[in-house]
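Given two chains presented individually in distinct reference frames, assemble the corresponding complex, making use of the accompanying hints.
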Amino acid sequence: MAERTLSGIGVTPLSGVGTVIWYRPDADLPEPPEPEDIDAEAELARFEDAREAAEDELETERARTADRVGKEEAAVFDAHIQFLNDPQITDGVADAIEGGLPAEHAVQETFSSFVEQFENMGGRMGERADDLRDIRDRLVRVLSDAERTDLSSLPTGSVVVAERLTPSDTAQLDPERVAGFVTVTGGRTSHAAIFARSLALPAIVGVGEELNAVEDDTEVVVDGETGDLVVQPDDEQKEAAAADTDVEIRHDPVETADGVDIEVAANIGTRADLGPAVDRGADGVGLFRTEFLFLDRESPPDEDEQFDAYVEAAESFDAGRVVVRTLDIGGDKPVPYLDLPDEENPFLGERGIRRSLGPDADLFETQIRALLRAAGSADGARLSVMLPLVSTVEELRRAREQFESVADDLTEEGIVHEMPEFGIMVETPATAFMADQFAPHVDFFSIGTNDLAQYVMAAERGNERVSDLGDYRQPAVLRAIDATVSAADDTDCWVGMCGEMAGDPDLTELLVGLGLDELSMSAVTVPQVKAAVTETDTEDAEALAARVLRAETKAEVIETLTENQ
Amino acid sequence: MERIVTVVPEDGLHARPASKFVETANEFDADVQLGRADSDGLAPAASMLAVTGLGVAAGEDVRLVAEGDDAEATLDALEAILSTPEAKQ
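If you read the protein sequences in the order shown, they are chains G and P. Numbered as in the UniProt record's numbering, the first sequence ends at 565 without a single skipped number. Numbered as in the UniProt record's numbering, the second sequence ends at 89 without a single skipped number.
To be clear, the hints were calculated from the coordinates, so they are not data collected in a lab. Computed from a predicted model, the values in this text were never measured in an experiment.
Only some residues are given here: those of chain G computed to face chain P with a beta carbon under 8 Å: (1) V76; (2) A79; (3) M125.
Backbone N, C-alpha and C define an ideal beta-carbon position, used for all residues, glycine too.
Pulled out of the complex, with its shape left as it was, chain P reads as follows (with noise of 0.2 Å):
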């Protein structure tokens, strides 16, 4: 199972953004891997070091691949986190 999303936060996946990111993905089951929407490479959403390093900035496309039972709620609960734009102080 795979989505296309657009990411929102103006940090892209940095930071807070990315550490939430990887939090969801490891409160599931399912296996989870995403890279640019433009490209083949995938890395484990489950690893802060792979979701960084990717350097996606806002505005970018990712693709996010999702394997397991609960594989669409994994999908749902991340692209809520890639679409909502960071709190402002």
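For reference, chain G alone in the conformation it holds in the complex (with noise of 0.2 Å):
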């Protein structure tokens, strides 16, 4: 096969060279025996300790899966164990025993009328087809005591080519050795894609059917960025694509062409993620959602459990800063502990700073105990904490207030504390309006572009519908950022961003253009953001930046940052 390209969906802005193992678990079965030679209280023995094993194998699998990637994609297992208990099947494949199969048949037969009724129901039903074949397949391998593909230890330099990849396929995967995965179905959001990103995997789903035409043992070039995939590609083609997979992960901070710093670090939301951030070299932490250390149990962390968690954050990093956001609960995130209120628009109800500074009083006060300890106690990265969803100055004053009050506490009490550097998020249309006046009262602003372009645009993050609009690249959310940055201009204070818009590497000369001087991502384009900032010119960033605010549509914005390139 001569050199081609396939196109899917690219899922991580990463490229990896690697050699096709494809990937095909579902096990043939030899034809059954004659019913009469079944010993049906045998097989259903055999299917008990195959339901156990791999139960067994589910929880392992939900383990290691909340540890690398994070417990909401671990909760994926949970549905597959409830499904390989149900009452419907363990009943449909004893009857089907019964009736003279042996059990792994059973199994087969029972599974699939379940993945084809749930297939014809059509939508979303599809998930959960897939959710069957995963567990049909895994009970029939270790019924005919098949050999299981072991993805954990593949050659070093394989792509993974598969119809689909399970949840459990993906987070067998080994970043060290995989060069990345393709997939013919998936889309942006399936779990394989979500795994993808988490594990810095090179990475692309939903090619269709003529990727069964690539065979094993084919070079090819993964562009996780574009959704290419490259068959047999040429030398060219694979040392570009070699030179951006080994992007250089550079531990010490960066500066632009022209000599100004730019701090690039990571976002994080459990202790998982600061191994990633560390080994990506992120300067330190941009954005330590909190909400973490209080979601999924059954009551508050206390002040030296969270003690704990921000010392070991600030620890991670030899220097720079870690950024820990205070508690950002609300409607929109069930705590079992809080009574949240019933809300029409959780997204403009009672939220982040406007719950800590009211019903969650009690909590705040524990969570600023902590934070003031652990800035006095920790080695390493400075600690800087963050207030989210401010909207008027008065929130902002009463919040320093309590800060100052509670250091107060801590010194009659005698406990080792330091008032940490003090900002605020700015997600907020209000708060970009008036930044001039939030300026003087702050160290520094974070710009939350996801939550800034859904106010400013009122348009839901994450619904489909208005994904349009709801995009950082709209020209008002260019300008609301541009506003706030403007306002800090001639104070002390410095402006960073956090959200998917600070992680974009194309838009790394812009928002150096735009004059923020930090920018934290999620860790895996780390070192492409750092590369970026060393390529760029600050003159020409701001020539840039001035003509893209120029632009009248989000249209214009996109041609005049591509015709940049």
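Here you go:
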């Protein structure tokens, strides 16, 4: 086969070069023996053993996924365990065995009828059909003692190609060995795509049937950014991809080509995110989402538990800063021990600082104590605190008074503490408009582009129907960013950005041109953004920003950025 | 004992919410069934296949029917799951 390119959906801004290994987990079963040769009792016992073994495997994979990817993604294994133990399935298999089938064929038959049923229902049910296939294949494999293709020990440089990858498959992939993966099916928000981003793997999903023509051992380039799969690439294409993959990981802070320091940090949610942040060369943490300490539990974390988490984060970095965002919880996040109100529009309701200054005042005080103590005790990076969803200067003043009053208490109690650097998220249009009034009261702003775009454009995040509006490349969003940075210009207040926009290396020059001092993103794109910073000249960047700010439409913004590349 | 509840999680009774719902239904002794509020059909709440198979979307009303000693507590727990929005990243 000569060089050609297939296209799918790129799901990570990374490229890889490697050799195709087809992963075909479906086991073909031999013809079953005659029904009279089946010992139903023995087959039932085999099924019961296999069911238990499969449940053990799922428990292990859940723990591994929770650790490597996140609790939320690991929850998919809970669903699998429940399907596995569903009485309709266990009864169905038992009936099929009684009817004269060996256990593995009984499993095939029972699951296949449910798979078909879900597929015929269309829509979201396709995902449930995938779940059931995954469980069926697992049971059949256990029952037939089949060798499991061990995705965690593939040869270095493998590109895994499959019809689809289940969450359990993806969680096994070792980013140290695998150069990427490509699937026939799947979309940007599929489990496989989310895992790819967490594991920093080049990946393309949804290539379609054409992918079946690519054979084992073929050399390919996986461009996870454009979604292009180059089959039998020439040397030039391989080198370009390798150069992209080998983006140098810079553990030191970077500056622009003309010597302006730009801090490049990582966003973290859980303790598991710290390792990748350090490994990918982040200067520190630009956004530590503390709500993950509070979610999925029966009671709030106490002061010491929080203290430990903040100290651990600061001590993971030798220098730089770790910006801890105080609890940002509201009507859209369930917390069993908080009495969260039912709200028509949780995004416009009592969330973030509004709760911390209101119903969650006690939680807020505990969090402040833990933060002040951690700021005074941690070695390594400096701790900073940041308030979410501020929309008035009064809120900022009241929060600041609380910090000061808690600091006084700690002094009286003789407990070591320190007042950390103090900042706010800029994510409401109110704060962007009033940035000049906020700036003298804070050490820094961090622009949260996901929420800012949502509130500026009145377009809900995550609502596909309005995703074109809720885009941070809309001129109105760019103007809100520009207004914020300009308001801080002649003050000591530095301005950072956390959110997806900061992690897009194609926008680094624009962001430098707009005057951002710090960019914080998911760890995976830190090396690309650091590289982009070093290639940027601030004068050119400012000229680009001025051109982009004159755009009338998002299309014009994109056109101006593309012409510049 | 029965109750009508509006389903709040964005994904309806799928994936995580369904999994939590079934897990909780299995924690209680009461025998629970659920169905759409506007239909007579009921399915066992302890079965993941049955629960996801209903394909209930956000905003739909479902009917929960429980029988047993802890029926009320069961309904309270299940209602809490159905009326709590999912966490967002």
